[in-house]
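Those sequence lines, one after another, are chains W and L. Numbers 115 to 181, taken from the numbering used here, label the letters of the first sequence in order. Numbers 114 to 504, taken from the numbering used here, label the letters of the second sequence in order.
Hints were generated in silico from the structure; no laboratory data involved. Here the structure is a predicted model, which is why all the values come from computation and not from measurement. From the three backbone atoms N, C-alpha and C, an ideal C-beta is built for every residue, glycine too. Among these hints, one or two may not hold up.
[Claimed, not checked] Subject to a maximum C-alpha distance of 30 Å in a straight line, what follows is the list of computed DSSO-like cross-link-like pairs (lysine-lysine): (1) 125/L / 116/W; (2) 499/L / 394/L; (3) 491/L / 394/L; (4) 495/L / 116/W; (5) 495/L / 394/L.
[Stated by the list, open to error] If you only want the chain L side, here are some residues facing chain W, beta carbon under 10 Å, derived: (6) 223; (7) 439; (8) 447; (9) 462; (10) 463; (11) 466; (12) 471.
Residue strings, one per chain:
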Amino acid sequence: MKRGWYIVLVVVLAALLLGVVCVGVGFITGADTARIYSVLDDKYSITLYYEYITQQLIPAFEAAGVF
Amino acid sequence: MQSEVTEINKQKFLAELGKLLTFMYDEDRQTALNMYSEMFDMAGDEQALLQFLSSPTRQAVIIARAYNARERKLQVNTESKDYEDEGTPDFVRAISALEDEALEREITFPKVPEEQFSLFEDGVHPVEDALDAKAEAVTDEAEESAAPAEQAAAPVDVQVAEVVELDDEDDAATVSAETAETADNTETAVVAVETEEEKAATDDATLADADEVDAFLSDFSIAGDELAQKDEPTEAESEPEKPDNVKVEAAPVNKRERIADEPRKAPAKQEVQTVELTERKAIIPLLVLYVIIAIPVAAVCVVVLLIPTLLSLLMSVGAVVLGCMALSSAVGAFTMFADVMVVLGAALVILAIGLLLLWIFVWFVGGAIAGLINGIIKLGGKWCYKEVPAV
Chain W
115 MKRGWYIVLV
125 VVLAALLLGV
135 VCVGVGFITG
145 ADTARIYSVL
155 DDKYSITLYY
165 EYITQQLIPA
175 FEAAGVF
Chain L
114 MQSEVTEINK
124 QKFLAELGKL
134 LTFMYDEDRQ
144 TALNMYSEMF
154 DMAGDEQALL
164 QFLSSPTRQA
174 VIIARAYNAR
184 ERKLQVNTES
194 KDYEDEGTPD
204 FVRAISALED
214 EALEREITFP
224 KVPEEQFSLF
234 EDGVHPVEDA
244 LDAKAEAVTD
254 EAEESAAPAE
264 QAAAPVDVQV
274 AEVVELDDED
284 DAATVSAETA
294 ETADNTETAV
304 VAVETEEEKA
314 ATDDATLADA
324 DEVDAFLSDF
334 SIAGDELAQK
344 DEPTEAESEP
354 EKPDNVKVEA
364 APVNKRERIA
374 DEPRKAPAKQ
384 EVQTVELTER
394 KAIIPLLVLY
404 VIIAIPVAAV
414 CVVVLLIPTL
424 LSLLMSVGAV
434 VLGCMALSSA
444 VGAFTMFADV
454 MVVLGAALVI
464 LAIGLLLLWI
474 FVWFVGGAIA
484 GLINGIIKLG
494 GKWCYKEVPA
504 V
């Protein structure tokens, strides 16, 4: 189990380090978050799901007394 | 007649001696037999020499005593020595001493080279004086019946033929013996009686010697069946015999194994005693009480542990799905390198978090929950069992 922890932590840290480096390089080279969001929204309808959750699902749970 | 009888006795003597000397290497045995054969050749009176030598058994004992232990053939199958001769062997000296003694007693005479026989053209040979009186007595009869003697000599075996080659006087004696044998049945009977008497005397001497030397001969470990094997070399020598030293080796090995086994058995016995001394016995009331309490507690703990377990599972699955979606978007949805790198970096971070959460789930299932159950069982064993002396 200790060896498993060691391997997983090494892989996770390596992936985190690589991801941070990639994000840093992207922002250094002129990346724009609004442009990235617009692309992802077009592909996955993020705004639509967000509005559905915030305007309909949460009030429904609140009305039911869950929250 | 006398020459034939003595020649047969010589052959018998040498044959029996050859059988008794099977403990020697072949070349040594041949050397010894050749020396005895020469001794017979030099003998004026072979019967006197046979009486001097007593019996083949006695001579075999004399040779055996003189035969070096190093020279001794330990295996019957061994045909020749595997070492270099170092000077004159002791057994040759022993036989030479016998020859010297026979010479001193005038039983044998030094061999005269054949060239010197020309000095005695008149037919007088130095050995003649020592010839048996019987042979001289029948010489006249042999001259009379020379022709039938030649006919009778033809079917005689090689031994008689060798005697014919000696000299004229011996020829006459041999031929006369043959003639007398064929012509006079009475004399044949007399000679037969003499032969039986000599044979009986030799047997008595052999029997007397046998008791004396049996113990000595047993040292050579050559049994009668081995001597018989010598007579049939094709079967006996083809079969590998077990050397005697194998039996000698077997006993120490077994002893060693026994000694080696003894210490092994002793610790095993001690271990058994230790196990018997530490017998565990359950305290039934305490065990029942522990089961009643431990099962609900363990169930609650497992449920408590299951919440973070399932939560980590859900979060890991969500992170892995989100990371894979981001990764696929970074590869196909973006055209700018900077945007690709940001989305790719974000996907790697999300996947790393998802992997970490997945491992936490595995750790909860395999480590925390299983460890909790094992700990509860071990605690019950520790509390509810006690070690009591074995009955």
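Just to be careful, I want the Cα atoms of residue 499/L and residue 394/L compared with a cutoff of 30 Å; is the pair within it? holds, 5 Å
Residue 125/L and residue 116/W were given as a pair; does the straight-line alpha-carbon distance stay at or below 30 Å? At roughly 95 Å apart (the allowed maximum being 30 Å), residue 116/W and residue 125/L break the hint.
Holds or violated: residue 495/L to residue 116/W, with C-alpha atoms at most 30 Å apart: Measuring from Cα to Cα gives roughly 27 Å; hence the hint holds.
Given the hint that residue 491/L pairs with residue 394/L, does the C-alpha gap stay at or below 30 Å? Satisfied, since the Cα-Cα distance of roughly 15 Å is no more than 30 Å.
Taking the closest Cβ pair, is residue 463/L under 10 Å from chain W? With Cβ-Cβ at 8 Å, under 10 Å, it holds.
Against chain W, run the beta carbon of residue 223/L and see if the smallest gap drops under 10 Å. It is violated, given that the least Cβ distance between residue 223/L and chain W is near 101 Å, above 10 Å.
Residue 439/L as chain W interface residue, shortest Cβ-Cβ below 10 Å: holds, 8 Å
Would the hint on residue 466/L be counted as holding, given a Cβ-Cβ threshold of 10 Å to chain W? For residue 466/L, the interface hint holds, since the closest Cβ of chain W sits about 8 Å away, which is under 10 Å.
Does residue 447/L pass the interface hint, meaning its C-beta sits closer than 10 Å to a C-beta of chain W? Where the cut-off is 10 Å and the nearest Cβ of chain W is about 6 Å from residue 447/L, the hint holds.
Identify whether the interface hint at residue 471/L stands, where standing means a beta carbon of chain W within less than 10 Å of its own. holds, 8 Å
Hint validity - residue 462/L Cβ closer than 10 Å to any chain W Cβ: With a closest approach of 4 Å, the residue 462/L hint holds.
Is residue 495/L close enough to residue 394/L, meaning Cα to Cα at most 30 Å? holds, 11 Å
This entry does not satisfy hints 1 and 6, going by the numbered hints stated previously.
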